[in-house]
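K.L.:
Mapping of the sequence shown onto the numbering used here: position 27 corresponds to residue 249, and the numbering continues sequentially without gaps.
Just so you know, not all the hints are guaranteed correct.
Derived BS3-like pairs (lysine-lysine); straight-line CA-CA distance at most 30 angstroms [as the list claims (entries may be wrong)]:
no., residue 1, residue 2
1, K231, K290
2, K263, K234
3, K290, K234
4, K276, K234
5, K290, K276
6, K231, K263
7, K231, K276
8, K290, K263
9, K263, K276
With beta-carbon atoms standing in for the labels, derived distance ranges [what the hints assert, rightly or not]:
no., residue 1, residue 2, range
10, D224, P305, 23 to 33 angstroms
11, Q314, D224, 37 to 47 angstroms
12, E324, D224, 33 to 43 angstroms
13, E324, P282, 38 to 48 angstroms
14, E324, D225, 33 to 43 angstroms
Everything labelled a hint here was simulated from the structure, so no lab data went into it.
Here a beta-carbon is modelled for each residue, glycine too, at the ideal position from N, C-alpha and C.
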Amino acid sequence: MDDNATVRKFQKELNSGTASLVVLGLMAGLGEPLYGYQIGKLLEERADGALPMKQGALYPVLRAMEGKGLLESRVEPSTSAPPRRYYNVTTQGHRMLARWVEVWGSTRDFVERVLGSAEMATESRESDDV
């Protein structure tokens, strides 16, 4: 497997592990019902235009979170566009977000400690080679 394919696969794995956290965090932070395309655009803005996931990958995440009771939705008809499904964070979603944020913080800290050690070892090896 070439380097680019390996990086793309790694990015996809990271995205699948963090998508629900990011979506739930965005929605809870805004505190208003949002529809899928709108959520994707807001995430894209926060990613400085380089959203690491495709817009289409967002909809299965929304449906899965709704199935778990973290989101609820309602469909609103529109005269100028197709009907839109608006999602809102449930009470259970808010509780789960708080727990996920704790888990994320612990995981992030662990990864940074490990990568910091790896970086120091790499720098030490590079200075030994000189």
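K.L.:
Determine for every hint whether it applies to the structure shown.
P.N.:
Hints, verified against the model:
1. K231 with K290: holds, 26 angstroms
2. K263 with K234: holds, 19 angstroms
3. K290 with K234: It holds: about 22 angstroms lies between the C-alpha atoms, which stays within 30 angstroms.
4. K276 with K234: Satisfied, since the Cα-Cα distance of roughly 10 angstroms is no more than 30 angstroms.
5. K290 with K276: At roughly 22 angstroms apart (the allowed maximum being 30 angstroms), K276 and K290 satisfy the hint.
6. K231 with K263: holds, 23 angstroms
7. K231 with K276: holds, 14 angstroms
8. K290 with K263: holds, 24 angstroms
9. K263 with K276: holds, 11 angstroms
10. D224 with P305: 23 to 33 angstroms: Violated, at about 43 angstroms.
11. Q314 with D224: 37 to 47 angstroms: holds, 43 angstroms
12. E324 with D224: 33 to 43 angstroms: holds, 37 angstroms
13. E324 with P282: 38 to 48 angstroms: violated, 25 angstroms
14. E324 with D225: 33 to 43 angstroms: holds, 34 angstroms
Taken one by one, the earlier hints fail for this structure at numbers 10, 13, listed in ascending order.
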